[in-house]
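Modelling step: build the complete structure from the supplied sequences, incorporating the hints.
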Amino acid sequence: MSALLDNLPHYRRMTAGDLDTVVAIESKIYPHPWTRGNFSDSLKAGYQALVLTGGSGPSAELLGYFVAMKGVDEVHLLNITVAPAHQRQGWARVMLDALALWSRGQGAQWLWLEVRVSNGRARTVYERYGFRHVGTRRQYYPAANATREDAVVMSMALQAGNSGP
176 MSALLDNLPH YRRMTAGDLD TVVAIESKIY PHPWTRGNFS DSLKAGYQAL VLTGGSGPSA
236 ELLGYFVAMK GVDEVHLLNI TVAPAHQRQG WARVMLDALA LWSRGQGAQW LWLEVRVSNG
296 RARTVYERYG FRHVGTRRQY YPAANATRED AVVMSMALQA GNSGP
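Going by this note's numbering, the sequence shown runs without a break in its numbering and finishes at 340.
These aren't lab readings, by the way, just hints derived from the structure by calculation.
Predicted model only: the values in this text are computed from it and were never measured.
Treat the hints loosely; a few may be bogus.
The calculated label-pair distances, taken between Cβ atoms and stated as ranges, are [as the list claims (entries may be wrong)]: (1) Arg323 / Gly192: 17 to 23 Å; (2) Arg263 / Ser293: 38 to 44 Å; (3) Arg296 / Ser202: 34 to 40 Å; (4) Pro259 / Tyr186: 16 to 22 Å; (5) Ser231 / His207: 29 to 35 Å; (6) Ile204 / Leu276: 21 to 27 Å; (7) Ser202 / Ser293: 17 to 23 Å; (8) Leu183 / Ala319: 38 to 44 Å; (9) Gly221 / Ser293: 18 to 24 Å; (10) Arg323 / Arg263: 27 to 33 Å; (11) Pro184 / Arg296: 20 to 26 Å; (12) Arg307 / Ala199: 30 to 36 Å; (13) Thr196 / Arg313: 16 to 22 Å; (14) Ile204 / Glu302: 18 to 24 Å.
All residues carry an ideal CB built from backbone N, CA and C; glycine is no exception.
Here you go:
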C-alpha cells in the first residue's frame with residue numbers, strides 16, 4: 176500500500192531547492208518567464224507557493240506549480256504552470272482545485288488573475304473552471320520587440336451568493 180501512495184500526485188510547499196527545476200520549466204514554456212528572483216521573492220514574502228509532483232519520493236517528477244497571494248478577502252493567482260510533458264492531462268484543473276480549496280480556507284471571497292490576451296488556451300481553462308472576464312489591463316505584459324501585451328483580468332466567486340465584483 177505504501178508504494179502505491181508514494182506514486183500518487185502530491186502537493187508540497189515550493190522551496191529554494193525547487194527553483195532550478197521551476198525556472199527551467201518557466202523558460203521552456205514562456206517567452207517572458209518569471210525569473211529566479213521572482214520566485215525567490217515570492218517565497219520570502221510567504222506567498223502560497225506549491226509544487227505538484229508525481230509522487231512523494233525524492234525522485235518524484237515535478238508536474239506543475241502555482242504561486243498565489245492572499246489579500247483581505249481575495250486571493251490573487253500570480254503564476255500557475257504545468258510542465259511541458261504533462262500539459263493537456265488535467266493538471267491545471269487539479270491545481271486550481273487545490274488553490275480554490277486553500278483560498279476558501281483562508282476566508283477569501285474571490286480568486287483573481289491576469290492572463291495574456293494571446294494565451295487562448297489558458298483563458299479557456301480558466302473560463303471552463305468558472306472564471307469570468309471582468310476587465311483588461313492595457314500593456315500589462317512585456318512582449319516581443321520591446322512592445323507590451325494586454326492582460327485579461329478574470330475573477331471567480333468562491334462563496335455562494337457572490338454575483339460579481
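If you check the beta carbons of Ile204 and Glu302, does the distance land in 18 to 24 Å?
20 Å, holds
Range agreement (Cβ of His207 with Cβ of Ser231, hint 29 to 35 Å)
Check passed, 32 Å falls within 29 to 35 Å.
Take a look at whether the Cβ-Cβ distance between Arg323 and Gly192 falls inside 17 to 23 Å.
Since the Cβ atoms of Arg323 and Gly192 sit about 34 Å apart, the hinted range of 17 to 23 Å is violated.
Range agreement (Cβ of Ser293 with Cβ of Arg263, hint 38 to 44 Å)
With Cβ atoms ~18 Å apart, the hint is violated.
Lying within 18 to 24 Å: is that true of the beta-carbon distance Gly221 to Ser293?
Given a distance of about 32 Å, which is not inside 18 to 24 Å, the answer is violated.
Do the beta carbons of Thr196 and Arg313 sit within 16 to 22 Å of each other?
Since Thr196 and Arg313 have Cβ atoms about 34 Å apart, the given range 16 to 22 Å is violated.
Pro184 versus Arg296 beta-carbon gap, inside 20 to 26 Å or not
21 Å, holds
CB-CB spacing for Leu276 and Ile204 relative to the 21 to 27 Å hint
With a Cβ separation near 25 Å, Ile204 and Leu276 satisfy 21 to 27 Å, so the hint holds.
Does the Cβ pair Arg296, Ser202 satisfy 34 to 40 Å?
Cβ of Arg296 to Cβ of Ser202: about 18 Å, so the range 34 to 40 Å is violated.
Can you tell me whether the CB distance of Arg323 to Arg263 sits inside 27 to 33 Å?
29 Å, holds
16 to 22 Å as the expected CB spacing between Tyr186 and Pro259, which holds or is violated
20 Å, holds
With respect to the beta-carbon atoms only, verify the hint that Arg307 and Ala199 lie 30 to 36 Å apart.
This hint holds: roughly 33 Å between Cβ atoms.
Hint violations for this structure: numbers 1, 2, 3, 9 and 13, all remaining hints satisfied.
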